[in-house]
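Throw the hints in and build the complete structure from the sequences for me.
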Amino acid sequence: MIAHPVSTAKTYIFVWLSLLGLLLLTLGSAFLSLGAFNAVINVGVAFAKAILVMIFFMHLRSGHYILRIVAIAGFFWLAILIGLTFTDFATR
Amino acid sequence: MWSFPLFPEKASALASSVDIVFFVWLALAGLVASTVAFLIVFFAVKYRSGSSANRETADEQAQNRINRRIEIAWMTIPLVLFMAMFAWSAEIYYDYATPPANAMVVYVVGKQWMWKLEHAGGRREIDELHVPAGRPVKLVMTSQDVIHDFFMPVFRIKQDVLPGRYTTLWFEATKPGDYQLFCSQYCGTDHSRMVGRVVVMEPAAFERWLASGNSTGSMAAQGAAHFREYGCSGCHGASASVHAPKLEGLFGRPVQLADGSTVIADDRYIHDSVLLPRKEITAGYAPIMPSFQGQITEDALLEIIEYVKSLKTAQPGEVR
Amino acid sequence: MSDSAAVLIARQYDDAQQQRSAADLGIWVFLATEVLFFGVLFAVYTMTRFNHPEAFASASRLTNITLGSINTAVLLTSSLTMALGVRAAKLGLSRPLVGWLCTTIALGIVFLAIKATEYYLDYGEHLVPGLNFAYAGADRHAVELFFYLYFLTTGLHSLHMVIGIGVVATIAAMASRGAYSPAYFTPVEVSGLYWHLVDIVWIFVYPLLYLVSRS
Amino acid sequence: MSAVTVPSAASYLEDGFSLWSWLSSVDHKRIAVLYAISITLFFFIGGAAATLIRLELVTPTGDVVSAETYNKLFTMHGVIMVWFFLIPSIPSTMGNFLVPLMIGARDLAFPRLNLASWYLYIAGGVFTVGALLMGGVDTGWTFYTPFSTMFSNTHVFAAVAGVFVVGFSTILTGINFIVTIHTMRAPGMTWFRLPLFIWCMYATSVIFVLATPVLAMTLFLMSIERFFGVGVFDPALGGDPLLFQHLFWFYSHPAVYVMILPAMGVVSEIITCFARKNVFGYRAMAYAVLAIAIIGFLVWGHHMFVSGQSIYAGTVFSILTFLVAIPSAIKVFNWTATLYKGSISFHAPMLYVLGFIALFTIGGMTGLFLASLAIDVHVHDTYFVIAHFHYIMVGGAVMAFLGGMHFWWPKMTGRMYSDAWARFAAILVFFGFNLTFFPQFVLGYLGMPRRYHEYPPEFQMLNVLSSAGASILAVGYLLPLCYLLWSLRYGKPAGPNPWRATGLEWKTTSPPSTGNFATVPVVTEGPYAYSRQERPDER
Chain A
1397 MIAHPVSTAK TYIFVWLSLL GLLLLTLGSA FLSLGAFNAV INVGVAFAKA
1447 ILVMIFFMHL RSGHYILRIV AIAGFFWLAI LIGLTFTDFA TR
Chain B
1350 MWSFPLFPEK ASALASSVDI VFFVWLALAG LVASTVAFLI VFFAVKYRSG
1400 SSANRETADE QAQNRINRRI EIAWMTIPLV LFMAMFAWSA EIYYDYATPP
1450 ANAMVVYVVG KQWMWKLEHA GGRREIDELH VPAGRPVKLV MTSQDVIHDF
1500 FMPVFRIKQD VLPGRYTTLW FEATKPGDYQ LFCSQYCGTD HSRMVGRVVV
1550 MEPAAFERWL ASGNSTGSMA AQGAAHFREY GCSGCHGASA SVHAPKLEGL
1600 FGRPVQLADG STVIADDRYI HDSVLLPRKE ITAGYAPIMP SFQGQITEDA
1650 LLEIIEYVKS LKTAQPGEVR
Chain C
119 MSDSAAVLIA RQYDDAQQQR SAADLGIWVF LATEVLFFGV LFAVYTMTRF
169 NHPEAFASAS RLTNITLGSI NTAVLLTSSL TMALGVRAAK LGLSRPLVGW
219 LCTTIALGIV FLAIKATEYY LDYGEHLVPG LNFAYAGADR HAVELFFYLY
269 FLTTGLHSLH MVIGIGVVAT IAAMASRGAY SPAYFTPVEV SGLYWHLVDI
319 VWIFVYPLLY LVSRS
Chain D
5 MSAVTVPSAA SYLEDGFSLW SWLSSVDHKR IAVLYAISIT LFFFIGGAAA
55 TLIRLELVTP TGDVVSAETY NKLFTMHGVI MVWFFLIPSI PSTMGNFLVP
105 LMIGARDLAF PRLNLASWYL YIAGGVFTVG ALLMGGVDTG WTFYTPFSTM
155 FSNTHVFAAV AGVFVVGFST ILTGINFIVT IHTMRAPGMT WFRLPLFIWC
205 MYATSVIFVL ATPVLAMTLF LMSIERFFGV GVFDPALGGD PLLFQHLFWF
255 YSHPAVYVMI LPAMGVVSEI ITCFARKNVF GYRAMAYAVL AIAIIGFLVW
305 GHHMFVSGQS IYAGTVFSIL TFLVAIPSAI KVFNWTATLY KGSISFHAPM
355 LYVLGFIALF TIGGMTGLFL ASLAIDVHVH DTYFVIAHFH YIMVGGAVMA
405 FLGGMHFWWP KMTGRMYSDA WARFAAILVF FGFNLTFFPQ FVLGYLGMPR
455 RYHEYPPEFQ MLNVLSSAGA SILAVGYLLP LCYLLWSLRY GKPAGPNPWR
505 ATGLEWKTTS PPSTGNFATV PVVTEGPYAY SRQERPDER
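Line by line, the protein sequences are chains A, B, C and D. Residue 1419 in our numbering is what sits at position 23 of the first sequence, and the numbering runs on without skipping anything. Residue 1354 in our numbering is what sits at position 5 of the second sequence, and the numbering runs on without skipping anything. Residue 280 in our numbering is what sits at position 162 of the third sequence, and the numbering runs on without skipping anything. Residue 186 in our numbering is what sits at position 182 of the fourth sequence, and the numbering runs on without skipping anything.
All the pointers check out, no bait thrown in.
Part of the chain A face toward chain C, derived, beta carbon under 7 Å:
1) Val-1402
2) Tyr-1408
3) Leu-1415
4) Leu-1423
5) Ala-1426
6) Ser-1429
7) Asn-1434
8) Asn-1438
9) Ala-1446
10) Phe-1453
11) Leu-1474
12) Phe-1485
Lysine to any residue pairs mimicking SDA-like chemistry, simulated, CA-CA at most 20 Å apart:
13) B/Lys-1460 to D/Asn-157
14) D/Lys-496 to D/Leu-485
15) B/Lys-1595 to B/Leu-1624
16) B/Lys-1595 to B/Met-1638
17) C/Lys-208 to A/Arg-1457
18) B/Lys-1465 to B/Ser-1567
19) B/Lys-1487 to D/Gly-312
20) B/Lys-1460 to D/Glu-72
21) D/Lys-345 to B/Ser-1398
22) D/Lys-345 to B/Tyr-1396
23) A/Lys-1406 to C/Gly-217
24) B/Lys-1595 to B/Ile-1637
25) A/Lys-1406 to C/Pro-214
Hints were generated in silico from the structure; no laboratory data involved. Just so it is clear, CB atoms sit at the ideal spot from N, CA and C, and this is done for glycine as well.
Laid out in structure tokens, this is it:
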């Protein structure tokens, strides 16, 4: 019975602080008027937070490779839906 | 019942090019399908269980290499073929999708289970479309309720008619005659009764038909009547005192909006400004215009748009 | 607290390792379906916002950003406590496991409480479509669509939050009876993964609904 | 690992005879039988609707049923056939029964989830049949807005609730199969030693899991819009009806690949067995299955070429639709090449499969007509489209379903059926099908729109031919019901391997014991090792 590698409490606390940091970053950036760039920052920071949670809190790195594929597939298929629908909405 | 057609009539240049693409595809499909069918029957007979056909494969490795090459061959050949056929039919599709500038415009309003058509000159028709042969005709279509579809098999074209939006469809009839018109997007109980006739006439006969109708003045004239009747002139009239955007020369011009973006004042812009006035507010004006949703019917609105188009008297080059 | 709780292996599995990898893959595939389930709401949001950019910006300014931000912080913290709980389970520390799980449940309830007050305030400001929506500014329909999506997305998320709290509560109850050990902690890990997914959904909901443009 | 050989336990059919033992069983084989019975019931409900539609279309005027009833008939035919027969047919019956057997497992990864999937299916069925009994729904199986939300006053809510619930049933089956195929293969069963049927079940489950949630949420949004009158699909409120069509077809095109991929798996199993030969290009076939599943998600826009979608989006979707046709073409060519140098026998399953290949080729090729933009503008929403997808769904999926049922019937029930009747039924179905649907291609190009209760008189002759074919097809489908049920009592017992096939499922008793394998088999070779197995005694 190989026990799963267990990360230390310190790593979790560090990840938690960086998540809160990212929250403040995205909150702050919302008050600057950067035009379309605002949306890019919002989504970018959201992805960063999501990846942090998935890798550290959900142990995505230490599991079988298929788990990583499944995790990415979920978001990739969502990107297909939004991307190809956007080709219609943007050029109509 | 016994004399039944197997192939539809055609009455436009586009229809013949669509038919050619169809026949090429028919030939290709027939070729592939008959080859597959022949091979199945041939192998089934030759290699039936217990037959003395030779089933030895000399050298496993060589056979695998050949098989791999066959596999790649019947991957790449269809791909190249498909891309060629795609390009050819996309070219026809772009021709179908771009109406020529000098096309004669007819306005179409689809309503649950009937078509209301109106020529620029004011002549109205129900479930019938009279057009001259040899001249491109552009249909500007909208729906009052659900999604319909204006389908004329003889020209091999159709286009969905959506509520809240203008969609266009154009054709140039070559052969005078009486052809079918269908609604081909399911729209409710009498979807199958929402049919009609497309009558293609010689240009001279068409002019006589257009003039003979008891039209109550051109669309623009009727639009002017609606313009007064619904009180638009109270604010937008030439002599109005209220601070409202002037409509003279507006059509086709870019309009500066309150949120900084600019929009071309086309059919859609006027349609939305009347029914959803608070959607796009012209810069420098307060959003005080009431919404006429539910009061002005789609075909009355088409006439108002035609009237606004006719207001060409403003100085050119002035940005509204 | 018996450390080596008998690891019961279902009849269709050969050994505990196979049972664990099946559970892990099963929950991850389920999470992919959840991502797509919420994904449709994000797709609808993107397309409707593309059609009405200004209305969505002005509507987003009406949402309560302070409560929204606090809620995000609360949920991120609950992810931390959940992760620490799963870690405690792996190390066989039963008491801290139950402790962290209860903290997570508490944070979840705080989140729902804040959400409820936010809904109450929105109701007061006549922002609930279908009930008492009233808005005087430009493009009233699009603003109503924004709040329709706002209540739908946050409502569905809160429903998943309630389910999450229920799941973590049952796991905490069983953990307090010593059901888990370093050899058998799959239910704790599975419920943790579900909790983190619900947190990730909120991570995306927060900027899209609250931070469209505050300038 | 339990190496001791357990004495041959009672077969799963004798493992409890009470109704409760069936309704509460978590044995994947029993759940497969429960599914088989329920989908056959739904098949005949959908078939009854189809019969009435064909009866109505014999005459140009609408004189058999009223317009409202006709609209409700084709809607019910669509909803029942798509969600309650075609999508679950092969995955839930043969898939449930065979996935554990073919990979050497004792059961699926989550047996309780499997039983829950059947109950969700039945719950969905109750809702949908409830909608039918309360008065039916007249929106078409596509539920296009704004008609379905603002203008239809029929039982849309109940039908949509039924489809919503049955969607979750397929998600659970999808999760079960993916996890089972990944984690519970027998020792030595590497990915490229898996039978192609398992590859197809895997690809189908990927689509189940990634597409069905989108359908669930779209129908949820639509029913909220219908209930509250606020929503993103209604143009009068600033919404966009095309947004609904994009979301609906994002699910519904992969759903048609869900209907055909399992059929491809069945065909690969049967054609190798009755040609006594390994499949031509096993790896190409396996990759083709995955390619169809994945590229199938990129092509949905070809349903919307004339719906008001932008012409540039239409161009993108047209190119992608041509790409997805390539793997299907590869599979047809590989099946045909499998027959080369085989030793072919013509039992009923093989007749169904040969019929499948011919009809699927025609269905696939006409899909290319529809993918080319210029032709689709003319034939969209006409009977050309109806003929295309019936060639693939009825000519393809239903033929393969019947072929599969005949092939694995001895394994599932332990009984043989009369091969003569079965061959006759297969031929009857083949001819009845062609007479029904080939005239519809001609009708389509002539311009007869679909969902028409009345049509111009010049289309009558082709419609009469089509209705005549439909009556033959109906008889063709009733025959298997008779002789297969008859075989349950009077069929002679079939040994463990009546067709001398090579799959792991043929190494168990017929019908298999509840625990499937006494000792877990070890796999040492590829799936279709026919040439080594029989060559000596056969000459």
